[in-house]
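Chains as they are written, first to last, in the working numbering: chain A, 52 to 302; chain B, 36 to 338.
Hints are supplied without guarantee of correctness; some may be wrong.
Claimed, not checked - Listed below are several chain A residues computed to face chain B (Cβ distance under 10 Å; list not exhaustive):
| id | residue |
| --- | --- |
| 1 | TYR125 |
| 2 | LYS140 |
| 3 | GLY162 |
Claimed, not checked - Straight line, CA to CA, 27 Å or less: simulated DSSO-like cross-link-like pairs of lysine-lysine:
| id | chain 1 | residue 1 | chain 2 | residue 2 |
| --- | --- | --- | --- | --- |
| 4 | A | LYS62 | A | LYS276 |
| 5 | A | LYS130 | A | LYS115 |
| 6 | A | LYS178 | B | LYS329 |
| 7 | A | LYS195 | B | LYS154 |
| 8 | A | LYS245 | A | LYS276 |
| 9 | A | LYS286 | A | LYS243 |
| 10 | A | LYS195 | B | LYS329 |
| 11 | A | LYS62 | A | LYS275 |
| 12 | A | LYS245 | A | LYS115 |
| 13 | B | LYS184 | A | LYS169 |
| 14 | A | LYS275 | A | LYS286 |
| 15 | A | LYS62 | A | LYS130 |
| 16 | A | LYS106 | A | LYS275 |
| 17 | A | LYS178 | A | LYS115 |
| 18 | A | LYS194 | B | LYS329 |
| 19 | B | LYS184 | A | LYS194 |
Stated by the list, open to error - If you only want the chain A side, here are some residues facing chain B, beta carbon under 8 Å, derived:
| id | residue |
| --- | --- |
| 20 | ARG134 |
| 21 | LEU142 |
| 22 | LEU145 |
| 23 | ALA154 |
| 24 | HIS158 |
| 25 | GLU159 |
| 26 | TYR166 |
| 27 | SER170 |
| 28 | PRO173 |
| 29 | ARG211 |
| 30 | THR215 |
For the record, the hints were derived by calculation from the structure and aren't laboratory data.
Backbone N, C-alpha and C fix where the C-beta goes; we use that ideal spot for every residue, glycine too.
Given next are the chains, with one letter for each unit.
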Amino acid sequence: MNELMRVEDLKMYFGGLKAIDGLDLVINEGETLGIIGPNGAGKTTLFNAICGVYKPTGGKVIFKGQEVQGQPAYVMARKGIARTFQISKPLADLTILDNVVAAAGVHEYTGMRSYFRKSHTPEVIAKAEAVLEETGLTEVRDKKASDVSLGYLRRLEIARVLVTDPELIMLDEPCAGLSNFAINEVTELILKLKERKKSIVLIEHNLPITMKVCDRIMVLSYGKKIAEGPPEVVKHDKQVIEAYLGEEDEA
Amino acid sequence: MSAYVFSISATAAVFVLLALSLNIITGYAGQAMMGQAAFFGIGAYTAAILTETYHVNFWLALILGMLFTGLCGAVLGLISLRLQADFLAITTIGINFVMVALFNNMSITGASLGLNVTKPSFFGRQMGNQEFFFLTLIVIVIVCLLIVKMRRSWFGMALASINNDAAAARSFGIDVSRYQILAFIIGTAIAGLAGGIYAHRMGYIASSDFAFTVSIQILSMVVIGGIGTIRGPILGALLLSVLPEALRFVSDFVSDYRSLVYGGLLVLMVRFMPGGLFGSSSPIVRGSLWVFRKITGKGGAAA
Chain A
52 MNELMRVEDL KMYFGGLKAI DGLDLVINEG ETLGIIGPNG AGKTTLFNAI CGVYKPTGGK
112 VIFKGQEVQG QPAYVMARKG IARTFQISKP LADLTILDNV VAAAGVHEYT GMRSYFRKSH
172 TPEVIAKAEA VLEETGLTEV RDKKASDVSL GYLRRLEIAR VLVTDPELIM LDEPCAGLSN
232 FAINEVTELI LKLKERKKSI VLIEHNLPIT MKVCDRIMVL SYGKKIAEGP PEVVKHDKQV
292 IEAYLGEEDE A
Chain B
36 MSAYVFSISA TAAVFVLLAL SLNIITGYAG QAMMGQAAFF GIGAYTAAIL TETYHVNFWL
96 ALILGMLFTG LCGAVLGLIS LRLQADFLAI TTIGINFVMV ALFNNMSITG ASLGLNVTKP
156 SFFGRQMGNQ EFFFLTLIVI VIVCLLIVKM RRSWFGMALA SINNDAAAAR SFGIDVSRYQ
216 ILAFIIGTAI AGLAGGIYAH RMGYIASSDF AFTVSIQILS MVVIGGIGTI RGPILGALLL
276 SVLPEALRFV SDFVSDYRSL VYGGLLVLMV RFMPGGLFGS SSPIVRGSLW VFRKITGKGG
336 AAA
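Pulled out of the complex, with its shape left as it was, chain B reads as follows (with noise of 0.2 Å):
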């Protein structure tokens, strides 16, 4: 593969983590996000001043990075406990512009100048979109696996409940804050670790990284894919990420067009497929399907 396919891949790669991430919180646990990339930036910046400034090891940082995340998550998730969902949808949309500020103005953040990051070494070679990639889509594939596990737990109950019906899950025993302040640091961390591998592959990061545009970019991902499954916002965050690149070759427009396209994309889905692309409900997945049970013969079940 060339240098671009794999420069290509290793944001695809990032931005399907943030969707997968951002799914654990919408997508299972029902909770209005609209700030996913003020974490992804609290997750990148962490990372990076630890390494920069402090010359922490690179995957030392890359975990107190996730795990810094992780705790401003938890104070978002007590904050979410007060909220209904519309309210908490604009707080999440406030603190992404107040943590683009931060980012934008302290002195340890690099401010306007934004702060450029030594890529780490691998074995003594110095890492590259390459490596990153395959970093990368380790991380996707352990958190793909972990959150298998937990839909097939209690856990993964007790959030398919909330979502639906809070009132009704606390009547069968569901603590439902508790629930909802884990859901909100499991998918701000994994954001954060996001953010941290970002960081240290671009080399530099801004605070533009990680504006209010990237959260909808990330949401736009999660609801075109098929939010609360896990292919969904996987495919969802290739087809938004690769789609633009490939596009270029014919014409300007949808990358120049980004945000336009994602938010016009966003709002079709959301009137006329709300399941997604690729949710249970989709013609695709169910088009597929019926191809895939007259080629095999088999009645399988829809999964």
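Same shape as in the complex, but just chain A (with noise of 0.2 Å):
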């Protein structure tokens, strides 16, 4: 498998706090990696670090070969390292259509020049329709963002992810605070995404979930990786049980 991401000795600091404490990361081409980790491992944390929400306070990220730590969101989006939000970040006062069109622009967006390109074109609006579909989210299409569910819209963000034709997708917690039969849309979706051979970092709570739908998983503890390796042996990793339900009191 060739080597899509690299990440090397990545740290995040915050003051005195270590989110992000060295951490070595590979993602290869048309691989699942999960994430999982308690809460405050800092899953979060090294997404912002690698999509350039936060400048890394030491480390490497190396994606296709290029350098490209401590560069902008803006800049990230545009080489290919897309990304969804815990918190779902709708454009509100937008339809659902509206939303994928503005991601569909991630080349566009140049400035003073993108004024003089418009925005609805036919082949931009197809585009739109044909991710809406493959999310399921066609019955939603004309509905204001802020007007639709909280289902609806973690697929909207995966839809506008999507529909910038990324190189690496990384989503965090794509089902949280979703019902059952939710969750299942969303994973059914991460699983066709799979079938199409494309490369995905997951961080999901749900551990039947990552289980399901990851070919290898990293455990982050503190800003540290504590284990990594397919999902049966992550499973039965000592250090994880800890890390997950707390350490066995040894009186």
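Reassemble the complex: the two chains are provided individually, in unrelated frames, and hints are given to aid placement.
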């Protein structure tokens, strides 16, 4: 398998807090990597440090052979690293279709020049509609994002990522707060992406789903990697069980 | 039309232009701007000083005034990148007071005496309220066309995205800072142009013409009309410039207590009708669309 992204000795400190402390990580093309860990382990911080929301304190992020660490989020998006947010960030006043169209313009936002380029061309709308179909959002196409339920918003996050034709998809808890039925829908969607050989990094608290979807799982605790491997191996790792369920009483 | 009507119309037209300019910054880009009158003033004084002191051609002075105001807007845009919404609001209020103090004290702006501005000639005839009204009207039409084009472009999409959620906008490739600064430049430059027109129509400007209350007046027009739309600021500005004049015949109350009326209306609108009188969710707009559909028998989509 070809290597798509390599993270070397990544550090993200906030004052004295070492949210990410010397993390190494490799993502191969067409692979689904799961990241699990207790609350506060640094999972979302890791996403933010990779995607340019934060400037890492140290370390390297190498994407397709190029060092990209420290570049702003919008540059990362244009390079093909697309992410969703743990707390949905819809463009509330816009329709679902326009939300997806906005993301489809990922390479169009060139400052003053973008004034002279029309946004809603037939090609862009067709592309957005295809993604809406794929993510099961066609039925709410013309509804305002503020008027649809959380299940739709979660899928809207994924739709906005897909429409940018990303090389790496980073999903931050796509099932958080959803009903079992909605969780199944999102899981199906991720499996569909996986079939299409997309490279995915998934943060998810729902362990059965993570085990089912991922080829490889990395366990984070206090900003450090404590285990990594195929789902079956990680499931039985002693350190992982401790981190998740707490240490056994020694007395 | 009588001279009186043209005088009111010319003033109303300048306020329409100001409301449209503020709407670009606050309505489309979502930046809290409470000092639009400062930039109105920068444009007015720049153009007036150019024609009076340096004898620059009126039209050239209008354009230079607009460009200089846009430049000042760019500086504010840079400052805004470091500030959250409420602090930006306070900062822009502060800028308004600082500018008024400068206008009122610098010798180049005539200090507290203000500036006398010679009215320009157009084809050998001195321009009056009528000419200035039509000039402003042409500018308004051009600005509206440019805004319509903006809303259909990726530029408009970028502003709409930033207005809704800046972090989301960054996640799909939008350089938020750049667009924020561009919105400030465009919005302040148009206010500067309005200032140049205003100064030369009035023939005299003083610092109080650009006071903070004027900023509130402009903001009221945008909010009462319907923020983020084109018709909203236009109708809001017309309503608030013409209504006090119309009511003058009935009672002096509205024109005497203008600020009170603006402030009161602003509070009421934000509380009970944040979309404005002519926004897309307004009962007035919905009602007239319903009537329109009944009459024409068409099911056309609501714009």
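Structure-based check of each hint:
no.: 1; hint: TYR125; in the structure: 5 Å, holds
no.: 2; hint: LYS140; in the structure: 4 Å, holds
no.: 3; hint: GLY162; in the structure: 5 Å, holds
no.: 4; hint: LYS62(A) - LYS276(A); in the structure: 12 Å, holds
no.: 5; hint: LYS130(A) - LYS115(A); in the structure: 10 Å, holds
no.: 6; hint: LYS178(A) - LYS329(B); in the structure: 36 Å, violated
no.: 7; hint: LYS195(A) - LYS154(B); in the structure: 50 Å, violated
no.: 8; hint: LYS245(A) - LYS276(A); in the structure: 24 Å, holds
no.: 9; hint: LYS286(A) - LYS243(A); in the structure: 24 Å, holds
no.: 10; hint: LYS195(A) - LYS329(B); in the structure: 26 Å, holds
no.: 11; hint: LYS62(A) - LYS275(A); in the structure: 10 Å, holds
no.: 12; hint: LYS245(A) - LYS115(A); in the structure: 20 Å, holds
no.: 13; hint: LYS184(B) - LYS169(A); in the structure: 8 Å, holds
no.: 14; hint: LYS275(A) - LYS286(A); in the structure: 18 Å, holds
no.: 15; hint: LYS62(A) - LYS130(A); in the structure: 22 Å, holds
no.: 16; hint: LYS106(A) - LYS275(A); in the structure: 18 Å, holds
no.: 17; hint: LYS178(A) - LYS115(A); in the structure: 26 Å, holds
no.: 18; hint: LYS194(A) - LYS329(B); in the structure: 24 Å, holds
no.: 19; hint: LYS184(B) - LYS194(A); in the structure: 24 Å, holds
no.: 20; hint: ARG134; in the structure: 6 Å, holds
no.: 21; hint: LEU142; in the structure: 4 Å, holds
no.: 22; hint: LEU145; in the structure: 6 Å, holds
no.: 23; hint: ALA154; in the structure: 4 Å, holds
no.: 24; hint: HIS158; in the structure: 7 Å, holds
no.: 25; hint: GLU159; in the structure: 4 Å, holds
no.: 26; hint: TYR166; in the structure: 4 Å, holds
no.: 27; hint: SER170; in the structure: 5 Å, holds
no.: 28; hint: PRO173; in the structure: 13 Å, violated
no.: 29; hint: ARG211; in the structure: 6 Å, holds
no.: 30; hint: THR215; in the structure: 6 Å, holds
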